[in-house]
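This is what each chain is made of:
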Amino acid sequence: MLYAVLCYHNEAVTEAWSKAEDDAVMTRLAAVQEPLARQGKIGPVARLLPTTAATTLRSGVGEPLVIDGPFAETKEQLLGFYTFDCASLEEVLDIVRDLARANPGGSYEIRPIRIFKPGTAGS
Amino acid sequence: MTDLAWIDTAFASARPQALGALLRYFRDLDTAEEAFQEACLRALKTWPQKGPPRDPAAWLIFVGRNAALDSVRRGRKQEPLPPDELLSDLGDAEADMAERLDGAEYRDDILRLLFICCHPDLPATQQIALALRIVSGLSVRQIARAFLVGESAMEQRITRAKGKVANAGVPFETPGAPERAQRLAMVAAMIYLVFNEGYSAANSEEAPLRAPLCDEAIRLARLLLRLFPAEPEIMGLTALMLLQHSRAPARFDDEGSIVLLEDQDRSLWNRAMIAEGLALIDKAIRHRSPGPYQVQAAIAALHARATRAQDTDWAQIDMLYATLERLQPSPVVTLNRAVAVAKLHGAEAALELIEPLAPRLSGYFYFFGVRGALLQQLGRAGEAREAFNQAIALANTAAEAAHIRMHLDRLQQDGTAEAG
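Taken in sequence, the protein lines are chains W and A.
Every letter in the first sequence is one number past the one before it in the working numbering, and letter 75, counting from 1, is 75.
Every letter in the second sequence is one number past the one before it in the working numbering, and letter 22, counting from 1, is 145.
Looking at chain A on its own, in the form it has when it is part of the complex (with noise of 0.2 Å):
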C-alpha cells in the first residue's frame, strides 16, 4: 500500500465525526467543509512523517477548528498561523478532544450530519448525493458514474441540495429521545435509497458501476449501528442490506440479463456478508420489537439459510410477508406475499390474493409480472400473453422488458407443442 491509501482510508473512517464535531462549532456546512478540507491537507504534509496520530478524528477536528479560526483571525490581522511542527504534535491536546468527544456528543454530530441530508424537502435523488458527498465524501465524479449522469449535472444536484439545506436551517439543539428517534428512523430510511440506488442496477453492465453505493450504504449503517447499538431496527437495517447485496454476484447471467432468485446459483452468494445479516437479524429478533426493516432481513435471511431454491421455508415467509402488510400496510407487500402464496397453497390462491390489487397497481410492472406467471402456471395462456405484454410496457429497463419477453417465448413454444 503507498503512504497514500493509508491516508485516505484514515480520513474516510474519520470524516463523519470530524465533519460533524465542525458542523456543529461553525454551524455551516460550508465552513466546516472548509475547515475539514484544511484539516487533510496539513495533515497530508505531517502524517507521511510522523505516522498516523493515534486518533485521527480528533487531531484532525482539532486542527480544521484551529485553521478556520485562524482563518478568521487573519481577516482581523492578529496572530499569525501556528508553525506546522506545532500542529504536528498535538500530544495532549489530542488527548483532551479525544476526552471530550467521547460518548454521547459526536454521536449526536454524526446523527446530524446524516440527518441533513435527509430534509423533507430533497427529493430522494438529492438526498442520496448529498449524504454521498458529505458523509461519505465521495467525490462529484464517482457519484456521478454510480447514478450514471454527467459530472456537471451531478455537481448541480448537490450544489441546489446543499443551497436548501442551508436555507432550512440545521438543528443544533441536542436532540431529545423522541427526535433522536424520529431522526435515526429517517436516516435510516435515506440509507436505503442509497443501497436502492445501487441495487437496482438494470444488468450486469451497470451493475459494477453501481455497487459501491450498496457498499457504502452497508458502510454508513453499520457507522449508525456502532453509534446506535441497540435499535433492533438498524440492526434490521443492516441485515437486509448484507442479505440482499449477498446475491450480488448471482444476480444476472452472462448475457447480463437477470436471474431470478429460484434460479440463482447459491455457490455464487458472499458467504461473509451472509453470516453478518444473520448474526443482526438474530440480535434484533431478541429485542422482541419488529418492524419492517427486521422483517424483511428475516424474510431475506429464511433465502440465505435455504441451500437451495426448494429448500425455502415459505410458509415462514407467508407469514412474515403477513406480519409485513400489518406494520406497512402496501399493495407491493402483498404482492410480494403472493409468491410465496403460490408456493404453498397454488397459483389459483395467489391469484386471489392480488386481483384486488388491480387498480392500485395498474402502473407497476412488477403486478403484470406476477400475474402473467401465475396465469401461465394455472394454463390460462391467453390471459397471460395479455399480462405479459402490459408488463413490458411498462418494463423500466431493458433487462425487465427481455425477462418477459422470455417467458412469452416460453408461452409461445407451450402453444406449439400443445398444438403439435
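Bound-form chain W, shown alone (with noise of 0.2 Å):
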C-alpha cells in the first residue's frame, strides 16, 4: 500500500532554526531516508517553502478566487510531505517514528493513497 506522510509544524519554530540546527535536522531526515530508498519503499519526498510564498485558488461559482497565502490560518502548516510504500500502517509508523525522532516537533498525518502518478517533473 501506498501512503503519504503529510508533516506539519510551526512554521515560526522551522524558520528560528539556526543553519547549523536546519542542517543538521536535514542530515538526520537523510540517513532515515536513505536506507529505505535502498529497499525500494520511498517515493517522491517534498520540503515546501514557506507559507508565505503559497497561494490558493479556491474553486466555486463563477470565475475562480485567488488569494494569497494557504487556505486555512492554523497554528501548524504543510511543511512537506513523504511518500511510501509499506505493507502495513505498523511499518510505515515505525519509519515516521524515525523521522520525528530525527526531527523532533511537529505532527505527521498519515494518508493512505488512492491514486498515484509520480510522474517526471523534477527528477
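In case anyone wonders, no lab produced these hints; they're calculated from the structure.
Check before you lean on any hint, since a few could be wrong.
What the hints assert, rightly or not - Derived BS3-like pairs: lysine-lysine, alpha-carbon spacing no greater than 27 Å straight-line:
(1) LYS41/W to LYS75/W
(2) LYS117/W to LYS41/W
(3) LYS168/A to LYS75/W
(4) LYS173/A to LYS75/W
Mind assembling these two chains? They're in different frames, but the hints should get you there.
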C-alpha cells in the first residue's frame, strides 16, 4: 500500500532554526531515508517553501478566487510530505517514529494513497 | 539536539507574539520584558519534563502575565504564587488564551512591538539594535558582535533607545487602516535597515559576523508577511532580501575582495532563497500595485534568473529602474540605471545619463567608480584615472578602495601596452 505522510509543524519554529540546526535536522532525516531508498520503499519527498510563498485558488461558482497564502489559518502548517510503499500501517508508523526522532516537534498525518502518478518533473 | 536547543527555538519563535501581548497588558516595555523573562524561566523548569505545550506563545503570555500580576500582588501581601504544578498544566486556560489570541489582535501586538523600534527620534543604528534586542531577542553580545562594536557600547545604545521609546509613549489604541498601513511601511523600512546592516560587510572576514542580521531581517519579514499575507510591498521586501542574500556565498573571493555581480560564480548562489524570492515576486506582481521594494526585487529577480551574466535581460532592468525613478526619485537610482544603459546603449549614453548627477553625488564613492569605469570603456584613460582616484578618496572600506585600485592597475597596464 502507498502512503503519503504529511508533515505539519509551526513554521515560526522551523524558521527560528539556525542554519546549523537546519542542516543537522536534514542530515538526520537523510539518514532515516537512505536505507528505505535502498529497499525501494520511498517515493517522492518534498520540503515546501514557507506558506508566505503560497497562493490558494479557491474554486466555487463563477470565477475561481485567487488568494495569498494557504487557505486555512492554522497553528501548524503543511511543510512537506513523504510517500512510502509499505505493507502495513505499523510499518509506516515505525518509519514515521524514526522521522519524528530525527526531527522532534510537529505532527505527521499518515494518509493511504488512492491514486498515485509519480510523474517526471524535477526528477 | 539537546533539550535546551528546542526550548530556545520555541522561545525565539514565540517571542514577538508573547512579548507583544504582554506589552499590551502592561503598557510598559520593561514590565513586559520581565514578565516574558519570568515565563521563560518557568518554562525551563516545566517543559523539559512535560514536553512543549501545544501553543508555547499562549503558555508564555498566560504564565508571564500571571507572574507579573503576582509580583504586584505580593507587594500588597495578598495571595502567594501558585505552585509550578498548576502553572505547568494549563489545559483549558491555554486553549482559552489561544482562542482569544486568534485573529487580528495579536497581529497588531506584533506590529506594535516592531513599530516602537522605528520611532523617528531614533537614529537608524538604534532602531536596528532595539529591534534585534526586543523583537528578535538576540543578546546584547550577539548584537554587538554583528555591529562590530564593544558590548558595553551596544548596551548603552540599547538603553538609550529604550529610554527614548518610553518617553515617547507607545500607541496602544488599535490602529485604523491608514495608521496600520503607515506603521507597516515604517516597519518594512526598519527591517530593510537591519538587512543592510548585515549586507554591508566590507570583506569576507566581516561577512560571517554580519550575516545573522540578514537572516534575522528575512525572518522578521516572513513574520510580517504571515500577519499581512496580501501586502505586495511586504512580499517585495521579503523577495528583495532573499534574492540579495542568495548571492552571499559569491560576493567575496578567497582574498576577501569584493566580486562584482557579473563576475560572481553563480553556482554558489543559494537556490532555495532564489526559489522563495521568485515565488514571492510572482505573487506580488499579481496585485498590480507596484512599489519600490517590488521593483527592486524584480530587478534582483532578473539577475537571479540569468544563468550567466551575459544572459541578463538589461532592457527589462532598464525599464524597471525607470519605474523606480518615478516611484522613488533619487540620483542613486539613476546611477544604478546607468549600468543597465551602458550594457544596452553603450558607455557614451550612460555617461550622458549620470553627468547631471555630479553635483548631488559629489561625495559618493560609487558615483566615481561607475564614472571611472565608463570613461575607461570609452578609452578616456586620463579622466578615468581622475575619477578612480576620487573614488578611492571617498571609499568607505579598504575593500572598496582595493577594488578601485584594481581598475587603476588595469588602466596602468593598458597604458603601458599602448605605449609599448
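Evaluation of the provided hints:
1. Straight-line distance between C-alpha atoms of LYS41/W and LYS75/W comes to about 31 Å, which puts the hinted pair past the 27 Å bound.
2. Note on LYS117/W and LYS41/W: the hinted pairing holds, with a Cα-Cα distance of about 16 Å set against a maximum of 27 Å.
3. Only pairs whose Cα atoms come within 27 Å are accepted, and LYS168/A paired with LYS75/W is accepted, the gap being roughly 24 Å.
4. As the CA atoms of LYS173/A and LYS75/W are separated by approximately 20 Å, the hinted pair is consistent with the 27 Å bound.
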